[in-house]
Amino acid sequence: MSAQAALGAEGRTPATQPAEVVLEVDDLQTYFFTRGGLVKAVDGVSFAVPRGATLAIVGESGCGKSVTALSLMRLVADPPGRIVGGSIRLDGVDLLQLDDQAMREIRGNRISMVFQEPMTSLNPVMTIGRQISEALMLHQKMSQKAALARAVEMLQLVGIPEPKQRVKEYPHQLSGGMRQRAMIAMALACNPKVLICDEPTSALDVTIQAQILDLIAKLQRELGTAVILITHDLGVVAETAERVIVMYAGRKVEEATVGDLFARPRHPYTRGLMNSIPRLALMRQERGPAVERLQEIPGIVPALVNLPEACIFAPRCAFADDKCRGQYPPYEQKSPGHWAACWHSDRIAEKADG
Amino acid sequence: MAVVDHSAELARAGANVRGWTGSLLFFVRRYPLGAIGAVIMAAFVLTALFADQISTFDPFTTNARISLARPGGEHILGADFMGRDVFARIVYGARISLAVSVGATVLGCLIGVTIGLMSGFFGGWFDLIVQRLMDIMQSLPLLVMALVMAASLGPSLTNTIIAIAIPLVPNVARIIRSNTLSLREMPFVEAARAIGMSETRIAVVHVLPNTLAPLIVLATAQLGSAILVESSLAFLGLGVPEPHPSWGRMLSESAAEYVRTAPWLVIFPGIAISAVVFGTNLFGDAIRDILDPRQRM
Chain A
1 MSAQAALGAE GRTPATQPAE VVLEVDDLQT YFFTRGGLVK AVDGVSFAVP
51 RGATLAIVGE SGCGKSVTAL SLMRLVADPP GRIVGGSIRL DGVDLLQLDD
101 QAMREIRGNR ISMVFQEPMT SLNPVMTIGR QISEALMLHQ KMSQKAALAR
151 AVEMLQLVGI PEPKQRVKEY PHQLSGGMRQ RAMIAMALAC NPKVLICDEP
201 TSALDVTIQA QILDLIAKLQ RELGTAVILI THDLGVVAET AERVIVMYAG
251 RKVEEATVGD LFARPRHPYT RGLMNSIPRL ALMRQERGPA VERLQEIPGI
301 VPALVNLPEA CIFAPRCAFA DDKCRGQYPP YEQKSPGHWA ACWHSDRIAE
351 KADG
Chain B
355 MAVVDHSAEL ARAGANVRGW TGSLLFFVRR YPLGAIGAVI MAAFVLTALF
405 ADQISTFDPF TTNARISLAR PGGEHILGAD FMGRDVFARI VYGARISLAV
455 SVGATVLGCL IGVTIGLMSG FFGGWFDLIV QRLMDIMQSL PLLVMALVMA
505 ASLGPSLTNT IIAIAIPLVP NVARIIRSNT LSLREMPFVE AARAIGMSET
555 RIAVVHVLPN TLAPLIVLAT AQLGSAILVE SSLAFLGLGV PEPHPSWGRM
605 LSESAAEYVR TAPWLVIFPG IAISAVVFGT NLFGDAIRDI LDPRQRM
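Chains as they are written, first to last, in this note's numbering: chain A, 1 to 354; chain B, 355 to 651.
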């Protein structure tokens with residue numbers, strides 16, 4: 001179902017020319033079994049990513065987007081977490097059915113990940129070159145020499161100057177942006193089908209953010225890698241992704257193409273996220289003080305333990321009524337390629353138009 | 355404000371260090387104490403290796419005529435009660451001390467690192483059981499434990515090494531384990547998993563090298579203390595047996611009887627022991643600074 005939705009994003013007619021879906025996630029459920037109770041960190045999330053496409057997963061901290069990423073890699077710490085249901089098909093192979101050894105051969109080779117913190121995601125006592133070579137020696141059985149030569153190429157590819165020099169350096173000798181480039185080089189060394197970027201720019205300053213996003217987009221075009229971009233920053237989404245999933249409290253609440261989502265958001269949470277982006281034009285007029293306050297979404301993401309049957313967003317939602325507080329809305333297609341889980345999605349879309 | 359002399363500052367930072375001799379000179383200037391330590395250790399190792407060339411006398415040959423000969427003259431450091439040349443015995447004793455200190459430290463560190471890494475990284479029941487064992491071992495004083503081990507194993511060079519190495523294990527295991535516990539939660543370990551490395555390989559390739567800086571300090575300090583423990587064991591009659599010239603035994607044989615009448619029998623082995631212990635400690639501190647890449651800019 002969502003595979004077709006993704007196909008629509010490509011702007012092609014699914015019947016005639018189906019874009020090759022690389023990664024297909026269906027009804028993924030990752031639960032944490034804690035002393036406090038059952039936490040459904042990822043609850044029934046489905047999506048599909050075609051070759052070379054970018055899918056963004058958006059949401060506040062604690063909405064389950066990072067756990068989704070870790071689930072795709074099967075790196076959720078067990079205990080307390082466990083993937084209890086669903087499937088993750090990479091080129092048709094269900095990763096959840098593989099044994100540990102087979103999964104290790106997939107990680108870093110066909111599906112890899114860039115982490116949020118470039119400062120601590122590199123081993124401080126190992127040279128950059130050595131760390132990039134690790135994956136190559138592991139998966140492509142390259143000799144150390146060949147792997148190091150390839151590491152130099154990779155550093156060149158991610159735009160690090162003097163790569164021959166840099167491979168011999170340690171992480172602390174690189175700036176934050178350079179380290180994130182090195183991380184990307186590491187992740188892409190084996191030319192994976194899918195690259196998961198978990199908040200790749202959150203720890204970087206704004207000028208570097210744009211560079212890193214451009215770099216990811218450029219490499220994606222060159223290498224044909226599908227990218228899953230996990231972020232809380234809608235600005236990043238607008239710049240890079242074709243399709244967006246909005247998550248709230250472990251569930252998908254909305255999914256659409258980027259254009260559609262920004263033009264006509266159909267879930268109040270998405271609207272809230274958009275309203276909380278600062279805009280200079282609104283914040284400052286020519287004369288006088290700020291005319292419009294930056295809007296935030298009232299309240300916080302609820303604890304995910306023992307959720308009620310009602311719409312989880314209702315307590316924070318201006319549109320909520322008794323129906324919302326009684327029953328969780330179905331996740332359904334509201335307009336072609338645009339899915340949402342909200343009883344009042346039409347009203348919300350209208351408001352966006354107005 | 356003082357004018358900064360750029361070239362002098364750069365030279366201090368080692369910017370124009372070239373080649374092997376250049377690096378060596380830089381090391382000496384940057385870590386003068388470490389250099390002293392290195393010289394002492396080098397002298398110690400070379401003495402051990404070339405003992406037969408350095409000493410003209412045989413350390414085992416007794417000669418009643420020169421019993422308790424004073425230092426100076428033919429026997430520069432004198433002779434002991436049995437008429438054996440003290441200089442020769444100290445020179446040959448370096449072999450024993452080197453074997454004991456290096457052997458015990460390496461053995462103890464190997465076992466300790468393996469245990470510490472496994473228990474810190476994999477945890478679980480292995481960690482629980484092994485750490486309780488380490489608790490028991492640590493509750494006994496090092497020397498007493500070595501004493502018991504030496505007494506039960508019987509006196510020989512190998513047994514002395516084992517007796518000194520085993521009490522070292524808990525210390526090493528503890529340090530490695532505590533470091534591993536914090537390291538295994540580091541994002542780079544997760545990143546290593548994300549490129550498909552196995553847990554064992556992550557432990558050895560990523561975690562272990564990060565624990566080495568404190569281990570090297572501990573190991574170099576242990577080099578010295580192993581010599582001390584061996585001396586103590588020998589002093590109590592449990593170390594490397596006669597007729598091997600052990601520095602500790604030389605001290606112990608002479609201390610009670612001859613400290614007044616022939617003090618050179620006590621002073622010279624004592625100087626040898628303290629010099630080597632001092633040297634290893636100085637060298638260890640410098641090595642720690644150098645090996646830590648976070649300090650190497």
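Any given hint might turn out to be false.
[What the hints assert, rightly or not] Not close to chain A: a few residues of chain B, all C-beta gaps over 10 Å, as computed: (1) T375; (2) F414; (3) V456; (4) W479; (5) F542.
[Stated by the list, open to error] Derived pair list, reagent style DMTMM-like, types lysine to aspartate or glutamate, alpha-carbon separation capped at 25 Å: (6) A:K193 <-> B:D643; (7) A:K193 <-> A:D27; (8) A:K145 <-> A:E117; (9) A:K141 <-> B:E539; (10) A:K141 <-> B:E553; (11) A:K141 <-> B:D643; (12) A:K218 <-> A:D205; (13) A:K334 <-> A:E242; (14) A:K40 <-> B:D643; (15) A:K334 <-> A:E60; (16) A:K168 <-> B:E544; (17) A:K145 <-> A:E162; (18) A:K218 <-> A:D100; (19) A:K193 <-> A:D346; (20) A:K141 <-> A:E117; (21) A:K218 <-> A:D233; (22) A:K193 <-> A:E153; (23) A:K168 <-> B:D643; (24) A:K193 <-> B:E544.
These aren't lab readings, by the way, just hints derived from the structure by calculation.
Just so it is clear, the structure is predicted and the values come from calculations on it, not from any experiment.
All residues carry an ideal CB built from backbone N, CA and C; glycine is no exception.
> Taking each numbered hint in turn, which are not upheld by the structure, reported in ascending numerical order?
Replying inline: 5, 6, 8, 9, 11, 14, 18, 19 and 20
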